[in-house]
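K.L.:
Sequence:
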Amino acid sequence: MESVLLVEGLGVDEDAHSGTTVQHVFRKRSHPRQPNLRQVHLIHAELFEELAQDGFEVGPGDLGENITTRGIDLLNLPEGTLLRIGPDAVVQVTGLRNPCRQIDRFQAGLLKTVLPLNSAGKVVRKTGLMGIVLSRGRVNVDDEIRAEVPAGPAAPAQVRLISRRRTRRPRTSRTVVMMPVSINLASICARRKDRNPPACPGASGPVGPSPGTY
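Note that numbering that gives the first Met the number 0 has the sequence shown beginning at 0, numbered continuously upward.
I should point out that these hints are in silico values taken from the structure, not numbers from a laboratory.
Please read all numbers here as calculations on a predicted model, not as lab measurements.
You may find that some hints are simply not true.
Lysine to any residue pairs mimicking SDA-like chemistry, simulated, CA-CA at most 25 Å apart [what the hints assert, rightly or not]:
no., residue 1, residue 2
1, Lys27, Phe47
2, Lys111, Glu13
3, Lys27, Arg104
4, Lys27, Leu110
If you anchor each label on the Cβ, the simulated ranges turn out as follows [said to hold, decoys possible]:
no., residue 1, residue 2, range
5, His30, Glu1, 24 to 30 Å
6, Asp141, Arg32, 24 to 30 Å
7, His30, Gly70, 32 to 38 Å
By construction, the Cβ of each residue, glycine as well, lies at the ideal position given by its N, Cα and C atoms.
Just need the whole structure built from these sequences, with the hints factored in.
P.N.:
Pasting the structure below:
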């Protein structure tokens with residue numbers, strides 16, 4: 000596969016997390032009608048290089064992401080940022096990805112490494128962003144990505160509990176930054192519903208609903 004199809008309101012075509020309502024295995028059991036704010040998962044390739052310095056072997060798809068980017072500061076994009084990927088697809092940032100203990104089953108000690116504490120003692124979540132698809136489009140390897148940041152003061156995206164409220168569309172006035180993007184298709188194939196494969200390491204969020212997590 001050299002491309003993926005992003006479907007408006009659903010996510011990545013044929014992906015296990017595609018749907019209008021929550022697809023997270025554990026949250027689906029207790030809150031099946033919650034909106035799906037985890038339709039697309041993006042991770043920056045620079046994270047893999049950082050982890051390699053700590054002795055871990057992690058590549059595209061190993062942490063369950065749909066899209067791997069390079070050259071764009073994903074973790075500091077504010078909630079509501081629009082990511083225009085390729086000629087047509089638009090993904091809206093809904094929050095940071097919160098990894099769970101499945102990652103340690105992939106490689107021991109990895110979870111603690113991707114959830115370090117900063118100088119203020121606060122957790123830093125390094126495993127990328129989650130988003131929803133606003134506009135349908137096919138995304139190819141080496142397509143460009145444009146990040147349109149909401150105007151005015153904005154804080155980086157946060158990890159938060161999925162609520163029943165509708166996700167608000169961001170304001171229209173934006174700053175546009177052009178960045179390259181590369182796509183990892185292995186994670187998409189690994190999570191296809193029709194093949195019923197083992198779960199990708201880290202493909203799901205935390206076990207059960209916990210306040211302040213996403």
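K.L.:
Hints first: check each against the structure and report whether it holds.
P.N.:
Going through the hints against the structure:
| no. | hint | result |
| --- | --- | --- |
| 1 | Lys27 / Phe47 | violated, 30 Å |
| 2 | Lys111 / Glu13 | violated, 31 Å |
| 3 | Lys27 / Arg104 | holds, 22 Å |
| 4 | Lys27 / Leu110 | holds, 23 Å |
| 5 | His30 / Glu1: 24 to 30 Å | violated, 36 Å |
| 6 | Asp141 / Arg32: 24 to 30 Å | violated, 38 Å |
| 7 | His30 / Gly70: 32 to 38 Å | holds, 36 Å |
The earlier numbered hints that this structure contradicts are 1, 2, 5 and 6.
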